[in-house]
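Peer 1: Protein sequence lines correspond, in order, to chains A and B. Per the numbering used here, numbering of the first sequence is gapless, rising by one per residue and ending at 328. Per the numbering used here, numbering of the second sequence is gapless, rising by one per residue and ending at 348.
I should point out that these hints are in silico values taken from the structure, not numbers from a laboratory. Heads up, some of the hints might be wrong.
[Stated by the list, open to error] No farther apart than 30 Å at their CA atoms in a straight line, the calculated lysine-lysine pairs in the DSSO-like style are these:
1) B:Lys157 x A:Lys47
2) B:Lys186 x A:Lys47
3) B:Lys224 x B:Lys186
4) A:Lys112 x B:Lys101
5) B:Lys186 x B:Lys215
6) A:Lys306 x A:Lys324
7) B:Lys157 x A:Lys112
[As the list claims (entries may be wrong)] Now the stretches of chain B that chain A is said to cover, found in silico as 3 or more residues with beta-carbon under 8 Å:
8) 118–129
9) 138–151
10) 180–194
No residue lacks a Cβ here, since even glycine has one placed at the ideal position from N, Cα and C.
Okay, here's what each chain looks like letter by letter:
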Amino acid sequence: MRYAEALRLAMTEEMERDPNVFLCGEEVAQYQGTFRVTEGMADRFKDENHGLRVLDTPISEAGIAGLVTGAAMAGLRPIAEFMTWSFAILALDQIVNHAAKILYMTNGQIKVPVVFRGPAGTGNQLSAQHSQSLEAWYAHVPGLKVVLPSTPADAKGLLKTAIRDDNPVIFMEHAGLYSQRGEVPEDPNFTVPFGVAAVRREGKDVSLISYSHAVGVCLSAAEKLWQEAGLSCEVIDLRTLLPLDMDTVLRSVQKTHRAVVVQEEWKNVGFVSELASRIYEGAFDDLDAPIERVGGPFVPMPYSKPLERAAIPGEEDVISAVKRAVA
Amino acid sequence: MAKAATTEHNVPSREALQGLDRATLLRLMHIMLLIRRFEEPCDKYYRAGKMGGYIHYYIGQEAVATGIIPLFQPGDLMITHYRDHGYALALGTDPKRVMAELFGRATGVAGGKGGSMHLVDVERGFLGGYGIVGGTIPLGVGAAFALKYQGKKNICASIFGDGSMQQGVVHESMNMAGLYKVPCLFVLENNGYAMGTAVARHSAQTDFVKRVTAGYNIKGESVDGMDVLAVRAATNRILAQMRETGEPYFLEARTYRYAGHGYADNAQQQKFYRTEAEIDKWRKRDPIEHFREQLLAAGVTTEAELNAMDEECKAIVADAIEFADTSPFPSPDSLYEHVYTDM
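The following block holds chain B by itself, in its conformation from the complex (with noise of 0.2 Å):
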């Protein structure tokens, strides 16, 4: 396990820095920053109607994203379920496009046609976020077992989440993976809830690491999904070996989101199943925080270059919205465009 970055009341270092340049880091704050102020002002325009359906928030989750994205190469794949903001943008993808396709419009990364659960992004690995739980691991594997298949050293990461862990068709997945030893990287993002239902109260075993190792003959770690430098390191550890090895690796990353499970589940449905204390203690936490404190105290960046790039960030998401807002809908003919390739 990588040393501590950081506790709450301790100076972070600059070896938990990793050797990191400069440009690196900025980006990675960038990209969560990125994240947060994207994420933000959606449950307004949600409100105004001009988002619909299911809409979930990746908001206090940043740090495993930009860990993990930022660390890909050419030909690497990636598929999530809905929760999928943060992947698109990590990604690189257009954040226009990406609100766009959130209020439905042609302009969107798939001319409205999915949705906020839908994204995608083909030339950049992306094969999608998908709406049914556990649904997406299979095709994770069927991705890794296709690049195993053509020879080739990339690797495809499947993210979920905790809920997911009891489907199915995860434990026929991850046993084929471990059988067949194909290069799929299962992101396990343990928020502590299926939706309102907290781990120990869906699962017989909580110990994920331990259920998958021992369960399908694949290697495992935990991380603390909330210090993006501790993914990152992890992930670069394990994306090595797996190129090396080609064999299948199961990631639990420890986070929380601060936001219901989606826009349905407000304040009030989440006092069913949270306290608002919790949401404190993790907030104390927060990745993008915690980041700040780690690059301001290495002298690694400033206050004001910070702040800056906030401000840049929340520019980006207002052209993105002006952007989304201004765009044309889907024309009516689009409707029975691609049900099938050939008719």
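Isolated chain A, as found in the complex (with noise of 0.2 Å):
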């Protein structure tokens, strides 16, 4: 099935299984979602809770946000869509200052189950503000969980977790996978962790690291390199920046010895950062290269299509990245 149906479906079980949950947002239920991931749903539960349970919002980033913390801190599930994560830049105090820091400022007493979800990302020419995540933003933050998956499978299993983890959780979609297709576990109990990278792609030469839709311009770059050049790379896919899954890319750099970590997102100050300072602090010894770092251009994304091209790390981007690491 398509990613997009893959998180419906994982919503609809877990509406199904706890009456708690809840889904709101802008044109989630009337209008069927503006990507059609909640298509259906405010049909399905249009009998209960007075409505409640599929919920049109005003369009009022810091509101929504607010409104289903303070639903969560009172016992609900709740799960707020954002229409794209670059609106979200609206909550960020409700997201950092409240849900992120309740559960701590009360000692333990009062909790958060709320998942924030939403594609984000660049897509096709939506210019400066529509075309960010800023992902490496809510990872800086103590009490929130960070969640980029890359498949459908990775879609349901990880929203599924989402959804029934009771810490506010960050789940970042992307637009340009909503209509990728792949297998997808039937199982209304599969779920997938938290904290376990993906080995996507097994190699010897070097690890390339990286999550969401850049995953897969890992691998196609991996493909490439093999037939071109017969490098082997092992293409790790993070699924989730917050717990991260260190040991997963320390064993492959320990194995490989050269490291690529790759994300779509601004390279300066991005996870990418982080990712290179951790693999330097638990493999220093087992690298033969310094990491290379793979990231967006530091520009605000241009509307024009080949510019537009140029500031989105591309296979060419990681192909040159690897040839410099085993240099």
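Two chains, two frames, some hints: make the complex.
Peer 2: Shown next, in the form of structure tokens:
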């Protein structure tokens, strides 16, 4: 099934399983979701809880984020959809100062089991204000978990885990992945745990470590490098930035001795910077070359197609980085 | 609007006591006295380094918390900002544990992890005090949403100051409360100042009731926040209506704080935005003095009994300070506790 359908199935199954789970966001109900992720859900749940289980909201990101945080504090398990993670910036105070910290400030007495989800990352010429994810900002905040599925199976399994998690979860999908097809287990109890990276391709010459849409870019680059240069790349999909599975990453680097960390978002102060630091800390003696970071150039996203293409790390950027690492 | 219980010079009437029994009336006085006596010594301990951070006193505003909180039913919730000591005490939280929290000890209501601004008492429905002006208003709407979702007849009271009324998220929250019709009681403690900025200098529209009722289709009214019985009477009627209709309500309580905004807003600093004469004018309407006059005039109690109650409150606070000051600090391990429920 498609990634978008897998997300819908995850939410529907969890809402059927637990009456405290509800969903709200802009255009999620009557409009069927701007990316069709929530298609049919409003109808499915319309007769429950005064019609509040699948709820259209006004355009009020901060208010929405606060409302679901308060609802979670009072015992519900909300899912809040941001139409895009670019808009979530408006909700930053509620996410960072409230949702993330309430458990700690109350000494464990009040939990905030909320999932903030929506598409992140670049798309088709959406320009500067609609083309970011800022996952590094959220991974920087104690109290949040940060999840970025790259396949339909992971979309379903990780979203179910997120909904069952008692902590606030930043769940970043990618619009470019919504129509991607993949095998998805039918078992309604199938979940993918947090903090467990996936080795998507085994290799011995260099470790490519990435997440979300960029994983696919790494896999294409790895195939090209194998065909054209006989280089064997191991591709690791982090799946969750927080909690982060450094064990899998370090095991891979201990095997390959070279690392290329890849993300779509700006390289400067990006998550790849943290990852590189941690690899240096954990596997310095295993490295035969400096770590290569691949990330977006330090510019706001331009509109024009060729400019945008140049601003999004692609296969060629990964390939160049690998060649530098093995030089 | 309720008939005035008294003016500065008239003898208060028995009917102003709203047919409340002696025990209830004395309980209300006890709460206000306890809040007042709790707040008063804190400055000394702050200066001595026993308390730190930001501390915001409720002195002068006692009638608001006391008029509202005793009307709570089991399952009712409340949330507020950082001027929260009075609310914890009105709810019945152990003063020892509140003081211990201010002292940053492990025995505090939040294990020393929160401090003055972040008191909490889940058992009594207190979802906590928080430090971002305006930030709790959507939380309160969300908690009320949860009550409606779960089919409960309870309400969530969300208490905040006039400064909050200008935060964007408060507009968003009130709009959603009016739209979804959730049982949130918005309580605006209008003490005339957002820190050092008077209402007329921060609000284009100073009639907050008009703004909310017109802007969000939410019913609202204003009450004299220096009169505990007036606050109680209004709240009692409002809560009954809310439990019936499930709809939100906006209650402005016109009140005043004698102390500065917080510890740092000392007498010198306050000269920038208000006069001693103004503070004195409000002191003449002190909620505790006013209620004392009412109770004595109505023959509900005696000077001796009230003085004994006052001494009792002082003793409770002295015990609380002793408890706090001799309590252990949180263990070093607790630094890493409760960042997550499971990590």
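Peer 1: Could you run down the list of hints and mark each one as holding or not?
Peer 2: Comparing the hints with the structure gives:
no., hint, result
1, B:Lys157 x A:Lys47, "19 Å, holds"
2, B:Lys186 x A:Lys47, "17 Å, holds"
3, B:Lys224 x B:Lys186, "11 Å, holds"
4, A:Lys112 x B:Lys101, "25 Å, holds"
5, B:Lys186 x B:Lys215, "19 Å, holds"
6, A:Lys306 x A:Lys324, "27 Å, holds"
7, B:Lys157 x A:Lys112, "20 Å, holds"
8, 118–129, "holds (count 5)"
9, 138–151, "holds (count 11)"
10, 180–194, "holds (count 4)"
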